[in-house]
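Asks: Residue numbers (full-length UniProt numbering), protein chains in the order written: chain A, 1 to 335; chain B, 1 to 335; chain C, 1 to 335.
I should point out that these hints are in silico values taken from the structure, not numbers from a laboratory. Warning: the hint list may mix true and false statements.
Which copy is meant is left open, so a pair is good if it fits within one copy or across any two.
What the hints assert, rightly or not - Calculated pairs, SDA-like style, for lysine to any residue (alpha carbon to alpha carbon, straight line, at most 25 Å):
#	residue 1	residue 2
1	K66	Q94
2	K39	V258
3	K66	A267
4	K76	S299
5	K180	V322
6	K300	V316
7	K66	R301
8	K278	N41
9	K185	G224
10	K39	K232
11	K39	P163
12	K323	V45
13	K39	D179
14	K44	D242
15	K250	Q35
16	K241	D280
17	K188	K321
18	K66	A95
19	K185	N41
20	K76	L262
21	K278	S49
22	K243	G215
23	K278	A267
24	K300	G214
25	K300	G64
26	K180	Y237
27	K321	E279
28	K195	T220
29	K243	G166
30	K66	S299
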Amino acid sequence: MKKSLIALAVAGACSAAMAQSSVQLYGVADLWFGQITVKENGVKVYPASQTGLFDGGFSNSRFGFKGSEDLGGGLKANFQLEQGFNLDDGKQAQAGKMFSRQAWVGLSGGFGEVQLGKAYSAFDDVSGLAASVFDSDLAPINNIFASTFFSDSFNNTVKYITPAIGGFSGAVSYSFGEDKTATTKASKLWSLSGKYEEGPLAVGLGYAKNDTAGGDTTATRLAGSYDLGAVKLLASYGQLKDKAPGTTSKTNEWELGVNVPLASNLALSAGYGRTTLKEDGIKVGKANSFGAALAYSLSKRTTVYAGVNATKAEDVPVTDKVKTNIYAVGLKHTF
Amino acid sequence: MKKSLIALAVAGACSAAMAQSSVQLYGVADLWFGQITVKENGVKVYPASQTGLFDGGFSNSRFGFKGSEDLGGGLKANFQLEQGFNLDDGKQAQAGKMFSRQAWVGLSGGFGEVQLGKAYSAFDDVSGLAASVFDSDLAPINNIFASTFFSDSFNNTVKYITPAIGGFSGAVSYSFGEDKTATTKASKLWSLSGKYEEGPLAVGLGYAKNDTAGGDTTATRLAGSYDLGAVKLLASYGQLKDKAPGTTSKTNEWELGVNVPLASNLALSAGYGRTTLKEDGIKVGKANSFGAALAYSLSKRTTVYAGVNATKAEDVPVTDKVKTNIYAVGLKHTF
Amino acid sequence: MKKSLIALAVAGACSAAMAQSSVQLYGVADLWFGQITVKENGVKVYPASQTGLFDGGFSNSRFGFKGSEDLGGGLKANFQLEQGFNLDDGKQAQAGKMFSRQAWVGLSGGFGEVQLGKAYSAFDDVSGLAASVFDSDLAPINNIFASTFFSDSFNNTVKYITPAIGGFSGAVSYSFGEDKTATTKASKLWSLSGKYEEGPLAVGLGYAKNDTAGGDTTATRLAGSYDLGAVKLLASYGQLKDKAPGTTSKTNEWELGVNVPLASNLALSAGYGRTTLKEDGIKVGKANSFGAALAYSLSKRTTVYAGVNATKAEDVPVTDKVKTNIYAVGLKHTF
């Protein structure tokens, strides 16, 4: 017992109050073996093309500390600190970060929840709602959608999440830039999202804007899924607009997918997506991506998976064409 | 329960011995929203002047592991590992550090306590004894006192803390420099402190010296507080002396403050401080700082706070004057 | 109790299932005070020569998270994440790493164990089998053996460990290089080891190879120990071969040692080792090292130690001679 993280419990001390003041240590360890092949105009590109072990096929590896304190009257104080790292080499996911994924403190209660710090955008709440291929690195969305820029956590963020009422919930986030100067305003990144989840149906709409001195980037995403039992249908549609002085570029993006439960512990998910890039109304690029994966659950917390992704991105008219193929077999463990 | 950090306890195993071998995971998550305005000779300075979210208004955010093992006969083995990080962006407080605040192993018993590693100076034990404004970033001491250089943890430190006897306790710390060369001795930083805490009175005296090949820096601090019940009076007085070849500079510094408990869960603290810098006996600079904050406790572990600080630093005669104003509203959660 | 890492256990919830889903937080805090003297051709070298506090005399300081989940049928999912750091200054042992020592996920069962990620080589399993001086920084092996390059964890590793059958066990590890180019194959580092441990006897044989575009490095190690009760005899013999285009260098290395239990809580260990370096069959260098240490256990988890090491490395014929002397007194605490 000597190394175990406390195993103390005087019988009389086993109260609910103690549970409320606990810190949870949690995480994901996910590694896959496989092959990545990247060809630019038919020629293999290195070091992008490699065979070996890679981090996070299904979920990027991470660990975190989180906790919740009951303040009475339905009010809670919460915090979450989450670090990303690579399981293949032990590196910090982002250099110089102790908690690259999340680091926030907040309050929650009947009014909903507020998070303050490095927190996920409101946009992120819907962006993964209908992602196929288990929202993994093999999902088309995560390979070609430009708007995934906003599906992330951001520094200096205030996030508010409404309570779920009759299946409806929403969120808004605002991230302060700390780049104000004598002549330019501070940049700001904010987003809004709403979703409805009830029975077999889930629908969400998200909007995000990054407002900087150099231009604006906005994204919209509509995502939905419907569970027919034998199969769950997934669809996402979105747009990213980039306004720089003199140019406006627009990316349209969509993905369709299916989740198929093959057995109680075996599931298949596949998806296909496309994006089109226009600059000042003229089509200049396009991409498509196909992904599929099988997930075999050894337990609720441990999954063996196998999957593929084939992605193609090209200019229009074609001068540069990049094809990426991924074959992966992996193990994901949640703790 | 699956993610909780163990909650195992076979009834018969619930002994005190098990508690002694526990590792504690603890920390602080503290974030504030506010405005920092820095004006140099009347002109706003950027990026120092910003509005947004900032880490650690009341206490710098941190997490740590600590533990204590009963070795029998009153002897204990102890360790503490503590990392600072920014809750607003997840960064390590100090680049390249796994534990930027503390990292030590030691023994304690009837003789007192010894800490070996990266440990806080003995000087630090009294420097915060009478700090106003909750010893926060808004406290005058933490904005203008030069001797706060010594109120820190240092590498390669041996620290000894006496047991408290009749209200008296003391500490001494010695930090080895690893910069010995063929012609110069290794630098050394050491400090001494003693304090008396009994009933409403607390008084402490600290001394610290940083002895390097390039010169010596010494600091003295006398700090005390007296609790009248309706109000607690706080006073600190100190001096920092810098001896470089050819020049000696001296900073005199003092702070006065009050803590006022307004209700069982509401407290006000305010303070004012001044420093004067002399080079070879001639006054060349001065600074003053005012800070005040209200702390509203939602629980023992969670506090909402609001505060201000106004600090002015100038040359004598004035050629450069820097004014800093801070308005802050924050949330501090201890876990 | 508020800061303790959960101490919750409703009596009825104290099931084995809960223990299985636990995360263990563990580590080592080890610091020593002492003197390192390095002389090159009789002249003291700085900053290598210093007196002060240093990390990890007996074991490098570290902390880690590990866990095991029972998947049923004897199968388990396991993970281990381990970070090295310096207790003297709080630095990450390796810049940019969150877990510099180990980071892997895997499965174990009747078939043995598989680890995937940053894992220790199979070679490491025997390299420490017969190391004298508690396999510490004072051990000859850890000061002069060239093959300790392979006694480490490596990125992108698949490791398989057999079950122990009749005292026999073995391991194999393969580490993928991710440096394939259009003209060169990816490097690969692999190793094999087998050992027999039964009663007083332990014998192990390890082989490792690092196969890169610039040449091959291979190492062999035979290690064994025999416990006579009053004394345990330790012996290691090995060779490291470096094949670069045009040159082959070979290092022969051996160490002999004894462990002497002086009392139930006091042990002495001493060892002597030598290495000889030949380039294309011609002797060009040699080294020898002597180490000895006393370990006094305050408990199973806490040890006070004192030790010395004297190491000499020189060219043949002598143009450069480096002598290193270490005197150390330290404290090691395991949590």
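Asks: Are the hints correct? Go through all of them and say.
Replies: Now the hints, each set against the structure:
1. Taking the shortest alpha-carbon separations for K66 and Q94, both the intra-copy value of 20 Å and the inter-copy value of 23 Å come in at or below 25 Å.
2. Taking the closest pair of Cα atoms, K39 and V258 never come within 25 Å of each other, the shortest separation being 28 Å inside a single copy and 59 Å across copies.
3. In this homomeric assembly, K66 and A267 never come within 25 Å of each other (Cα to Cα): the closest approach is 30 Å inside a single copy and 28 Å across copies.
4. Taking the shortest Cα distances, K76 and S299 sit within 25 Å of each other only across copies (10 Å), while inside one copy they are farther apart (31 Å).
5. Taking the shortest alpha-carbon separations for K180 and V322, only the inter-copy value of 19 Å comes in at or below 25 Å, while the best intra-copy value is 39 Å.
6. Taking CA atoms no more than 25 Å apart as the test, K300 paired with V316 passes in neither setting, with 45 Å inside one copy and 62 Å between copies.
7. For the homomeric pair K66 and R301, the shortest alpha-carbon distances inside one copy (18 Å) and between copies (15 Å) are both at most 25 Å.
8. Taking the shortest alpha-carbon separations for K278 and N41, only the intra-copy value of 22 Å comes in at or below 25 Å, while the best inter-copy value is 49 Å.
9. Proximity of K185 and G224 under a CA criterion of 25 Å is satisfied in neither setting, with 37 Å inside one chain copy and 45 Å between copies.
10. Taking identical chains as interchangeable, the C-alpha atoms of K39 and K232 are never at most 25 Å apart, the minima being 33 Å within one chain and 59 Å between chains.
11. In this assembly of identical chains, K39 and P163 lie within 25 Å of each other by CA distance neither inside one copy nor across copies; the values are 47 Å within and 43 Å between.
12. In the homo-oligomer, the alpha carbons of K323 and V45 lie at most 25 Å apart inside one protomer (10 Å), although the nearest pairing across protomers, at 49 Å, exceeds that limit.
13. Taking the shortest Cα distances, K39 and D179 sit within 25 Å of each other only across copies (16 Å), while inside one copy they are farther apart (39 Å).
14. Taking the shortest Cα distances, K44 and D242 never come within 25 Å of each other, neither inside one copy (31 Å) nor across copies (32 Å).
15. Taking the closest pair of Cα atoms, K250 and Q35 never come within 25 Å of each other, the shortest separation being 32 Å inside a single copy and 36 Å across copies.
16. Proximity of K241 to D280 under the C-alpha cut-off of 25 Å is restricted to the intra-copy arrangement: shortest distance 11 Å within a copy versus 63 Å between copies.
17. In the homo-oligomer, the alpha carbons of K188 and K321 never lie at most 25 Å apart, since the shortest distance is 35 Å inside one protomer and 31 Å across protomers.
18. With identical chains, the CA atoms of K66 and A95 are at most 25 Å apart both within one copy (22 Å) and between copies (24 Å).
19. Taking CA atoms no more than 25 Å apart as the test, K185 paired with N41 passes between copies only; the shortest distance there is 22 Å, against 43 Å inside one copy.
20. Within a single copy, K76 and L262 get their C-alpha atoms only as close as 40 Å, which misses the 25 Å cut-off; across copies the closest is 24 Å, which meets it.
21. For a Cα distance limit of 25 Å, the shortest separation of K278 from S49 qualifies neither inside one copy, at 29 Å, nor across copies, at 39 Å.
22. For a Cα distance limit of 25 Å, the shortest separation of K243 from G215 inside one copy, 5 Å, qualifies, whereas the shortest one across copies, 52 Å, does not.
23. In the homo-oligomer, the alpha carbons of K278 and A267 never lie at most 25 Å apart, since the shortest distance is 37 Å inside one protomer and 59 Å across protomers.
24. In the homo-oligomer, the alpha carbons of K300 and G214 never lie at most 25 Å apart, since the shortest distance is 47 Å inside one protomer and 46 Å across protomers.
25. For the identical chains of this complex, K300 and G64 are neighbours both inside a copy (19 Å) and across copies (24 Å), given an alpha-carbon limit of 25 Å.
26. For a Cα distance limit of 25 Å, the shortest separation of K180 from Y237 qualifies neither inside one copy, at 34 Å, nor across copies, at 38 Å.
27. When the C-alpha separation of K321 and E279 is checked against a cutoff of 25 Å, the pair qualifies only within one copy, where the shortest distance is 18 Å, while the shortest distance between copies is 50 Å.
28. In this assembly of identical chains, the alpha carbons of K195 and T220 lie at most 25 Å apart only when taken from the same copy (14 Å versus 61 Å across copies).
29. Neither within a single protomer nor between protomers do K243 and G166 lie at most 25 Å apart by alpha-carbon distance, with minima of 38 Å and 71 Å respectively.
30. In this homomeric assembly, K66 and S299 come within 25 Å of each other (Cα to Cα) both inside a single copy, at 23 Å, and across copies, at 18 Å.
Hint check: violations occur at hints 2, 3, 6, 9, 10, 11, 14, 15, 17, 21, 23, 24, 26, 29; the rest are consistent with the structure.
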